[in-house]
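Asks: Protein chains in written order, with the working numbering: chain A, 1 to 264; chain B, 1001 to 1382.
Derived by calculation from the structure, the hints in this document are not laboratory data. Misleading hints may appear alongside valid ones.
[Stated by the list, open to error] Covered stretches of chain A, as calculated for chain B (at least 3 residues, CB under 8 Å):
hint, segment
1, 61-73
2, 99-109
3, 139-153
4, 196-206
[Claimed, not checked] Partial list, computed: chain A residues near chain B (C-beta under 8 Å):
hint, residue
5, Arg52
6, Phe163
7, Ala167
8, Ser174
9, Met175
10, Gly255
[Claimed, not checked] Restraint ranges, calculated between C-beta atoms of paired labels, are given here:
hint, chain 1, residue 1, chain 2, residue 2, range
11, B, Val1355, A, Phe183, 42 to 52 Å
12, B, Phe1028, A, Pro114, 41 to 51 Å
13, B, Ser1349, A, Pro192, 29 to 39 Å
Idealized CB from N, CA, C, for every residue including glycine.
Here is what each chain is made of, one letter per residue.
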Amino acid sequence: MAPTRREFLQMAGFSAIGLALPVLPSLAWARTGAPAAGVSAYPAAPGPLPARKAKRWAMTVKPGKCRAGCTDCITACHLEHNVPAIGNPKDDVHWIGLQKVGHVFPAEAHPRLPDTIRGLSVPVLCNHCENPPCVRVCPTQATFRRPDGIVVMDYHRCIGCRFCMAACPYGSRSMNWRDPRPFIRKINQDFPTRTRGVVEKCNFCEERLARGILPACVVACKEKAMAFGDLEDPCSEVRLTLDRGLSLRRRPELGTGPQIYYIL
Amino acid sequence: MLEKALKGSRGYGIWVAFLLLLVAVGFFFYLRQLDYGLGITGLSRDVSWGLYIAQFTFLVGIAASAVMLVLPYYLHDFKAFGRITILGEFLAVSAVIMCVTFVFVDLGRPDRAVNLLLYPSPRSVLFWDVIVLNGYLLLNIVTGWTVLESDKKGIPPPAWVKPLIYLSIPWAVSIHTVTAFIYSGLPGRGFWLTAIMAPRFLASAFASGPALLILFCLILKRFCRFDAGEKAIQTLAKIVTYALATSIFFVMVEIFTVFYSQVPGHMHHLTYLFAGLEGHNTIARWMTVSAFTALISLVLLIIPRTRKNESLLALACFGVFLSLWIEKGLGLVVTGFVPSPLEAIPDYSPTGAEVAITVGVWALGLLLVTMFYKIFVSVRNE
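Chain B on its own, in the form it takes in the complex:
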């Protein structure tokens, strides 16, 4: 089936070439980073994780959200998702590959990455994250590919895939839970030290992932002669609505707990995130955009008339994606470090090279999505 990704229309070729160019630019800057060290990024002693780890965190959510298709389809026999469940699985595969790549480019000594396996450390959450992410990758590749292959042959999928599909449901929850534990298990960072971190991660994941999937479905419908079906898209949109509302609710719960209890160590972080501290308000400005985008999108999604309008739905889904990308892909990681343990308010802004590498990894992921979806549409349209 792989050969189907290699030939396509002129538009497909241009799009793939464009993505390849971005990957090449990112790779060029990664070589420079290998040569110079991570000092090529905006990271510092105080803000020691930044854009890369934030993208990783956000994308784990995108990967986990495949379960929002798999669960209704396989556990509740929700037929409308039958056509697009594989799209969710392939999105998960691409997202996990991006996650692993982001962790890899964030390593100071990538040549020693194999030490993770040579010296397994069960007390480290990162060790478990490596295990669950790779396990999830494998599960989704195997199930997605096998089901698509059976589709192509016009036979039902082999019986042995079913248990793997069922396993992938709790496994999806595990990848985002373990990723949240990376943050929430640290004693000294008040911003992350909250039991609601894992639920928050899951809620925002189940909003941002399906929102992205709706956008992909609308693109496939317009440009690739593949219609996911009104019912599937509208059900996904309802999932996005509930998940977004839950996600916003969780953030409000966080805000109440911190500002009503008024414990300074927790309050400073949230003040920095939403208002800035002592004039350091770059992140706060982004978060203002995130908050307004989330609220507008929520309104558009709740009102049935706007939700059923395809253009407005696309706008709302883009808003959800943008809002949660800002929240997780910019705010969450950096704010944990500000103020620092010694009460400094360090500024972090990604450098050009860092942005180029980040864009490169995103392009790599989009390339994978493009190729997987091309194969999928070719098989389905046959």
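In isolation and in its complexed conformation, chain A is listed as follows:
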């Protein structure tokens, strides 16, 4: 629906304030739903930049660049999204994890791989599949795929049946087995916390994209091991990276069409 003249002027006015006060978090916008946040599932605090849009968001990861023992991407993601640090494997919730090459690419791993490859820790996260089984099985459409390819969750609709967790071939989903809030180190007011009983996972930082910022893990990585961009744009960083040689995706034979590409 096209905005009426009155709505347009309101938007223009808000935008002007936003331009004039880029450093102040404009709470009023967040509550009323700023124009820039229109593509987001959550009303996010607006930033100084226009929303980033793409035909198909994708990510490339070069685990070879990672510093040994570095967990910056995980820390940044979990702080940004209020992911609890529960500290026991049973109740564990995480959006990104680090895994050995052999476990991430069991079909490609063999005993003669050089130690430099075998010893690598590979960041694993939701693959934002082109053909996501989790979306197919969800009985309430609480998880769905946006036109730009991001697979998101509606935490207010999820009934916690965990069919999506069984369906995900990558183990990318976590259940809130108990109230996560006491385990959040520092609550980020710009992102919702979850209740017990719902499933959650990486959202490709859709709330940041709506504010024109790149995903938290990509920004946090000092080694530039991760790149993010539009797969349909030949000049995007992900496309330039993919053009240079062979890249791997996790379990491509399942036909899910994962959109995280690994360069090893």
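Based on these hints, arrange chain B on the given structure of chain A.
Replies: What follows is chain B alone, placed relative to chain A:
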């Protein structure tokens, strides 16, 4: 007719009180689960379905097996089943109610269960399972109750029940097929990704359900002055025999395909199930019990002399029930998750609270069976 469930002998009263106590204990722990979250169970990120969903899967089979009475009686006019067809239907009703309860207690946000209907998702198998289960529940309540009521009045059942009874036959197949599709339609779980899942489910259902029904009939005969008749019980026993043999055959087919092709992604699961992986062998020990019980029961059922011996038949039926309960109610669900997509070998063992809730739901089902059967026997003995 309902009032007949409310009065009975002293033994009946004690049994009902005992079941009510178990239901109350289960309910108490369910309230704790509501308060704390599903973390009160042994479930984890890796093994995200456990005892509850496994019971649901097993009980769908018990519910579906009513068709093994309805079909011979109504389609082939097999008179011997006339006396007990209603018992099968009431068992189905109780089993479906248990199924729905198990799915409900497994939900992380049961307060939002109505979202299943508010946002119908035809692409989700779970959505279809809700539809077929509730449809089956309704069909069996209506047909079972109506036929029993006509019995009481000594008139033939009204003509409109017949189409519903015929409909309930394919519907019974559908509930277990759709439930199998929950598992077999997932791309990443090699253990479940097999086209034979639905046939396997049906074969084991047609063994475990009638086996339970035989046990119930023998109990009714001993304690409640109701004799289902030698012919009915022996025919049921033959159904159990063939279904059990088919079920074992299907498992062997699975084992051959996986271990001869030697695809690791499929092999690891079955190795875990029957032998354990890297020392994680709790499930494997249970499965050893299941395998031996199934074989011994099969022998007892095949040999006519042992099958016709009531005590040995009871033993064999108990064996069939136990074996298939272990296979479906413990092994099938958990093994799909082990090893995990990232090749971890997580351990799952149900917590005390989880077991208490599970026992509570079973007690609820048994209570329903008890009350339905009490009504049935009272009407029949009049």
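Asks: Are there three or more residues in the segment 196-206 of chain A whose C-beta lies within less than 8 Å of some C-beta in chain B?
Replies: Result for this restraint: holds, n = 4.
Asks: Taking the closest Cβ pair, is Gly255 (chain A) under 8 Å from chain B?
Replies: Interface hint status for Gly255 (chain A): holds (7 Å vs cutoff 8 Å).
Asks: Under a C-beta cut-off of less than 8 Å, do 3 or more residues of the segment 139-153 of chain A approach chain B closely enough to confirm the stated coverage?
Replies: The restraint on the segment 139-153 of chain A holds, since 4 of its residues have a Cβ under 8 Å from chain B and three suffice.
Asks: Three residues minimum, CB to CB under 8 Å: does the segment 99-109 of chain A make the cut for coverage by chain B? Let me know.
Replies: Coverage by chain B holds for the segment 99-109 of chain A (5 residues, Cβ < 8 Å).
Asks: May I ask you to test the interface hint for Ala167 (chain A) with respect to chain B, counting a Cβ-Cβ separation under 8 Å as satisfied?
Replies: holds (5 Å)
Asks: Ser1349 (chain B) and Pro192 (chain A), beta-carbon distance inside 29 to 39 Å?
Replies: holds (34 Å)
Asks: Hey, does the Ser174 (chain A) contact hint survive, CB to chain B under 8 Å?
Replies: holds (6 Å)
Asks: Between Val1355 (chain B) and Phe183 (chain A), does the beta-carbon spacing fit 42 to 52 Å?
Replies: violated (27 Å)
Asks: Per the coverage rule (Cβ-Cβ under 8 Å, at least three residues), is the segment 61-73 of chain A covered by chain B?
Replies: Check failed, 0 qualifying residues.
Asks: Answer holds if the nearest beta-carbon of chain B is closer than 8 Å to that of Phe163 (chain A); otherwise answer violated.
Replies: OK, holds: Phe163 (chain A) within 8 Å of chain B, min 5 Å.
Asks: Please verify that hint: Arg52 (chain A), Cβ, nearest Cβ of chain B, below 8 Å or not.
Replies: violated (29 Å)
Asks: Has the hinted range 41 to 51 Å been met by the Cβ atoms of Phe1028 (chain B) and Pro114 (chain A)?
Replies: Violated, at about 58 Å.
Hint compliance for this structure: hints 1, 5, 11 and 12 are broken, all remaining hints hold.
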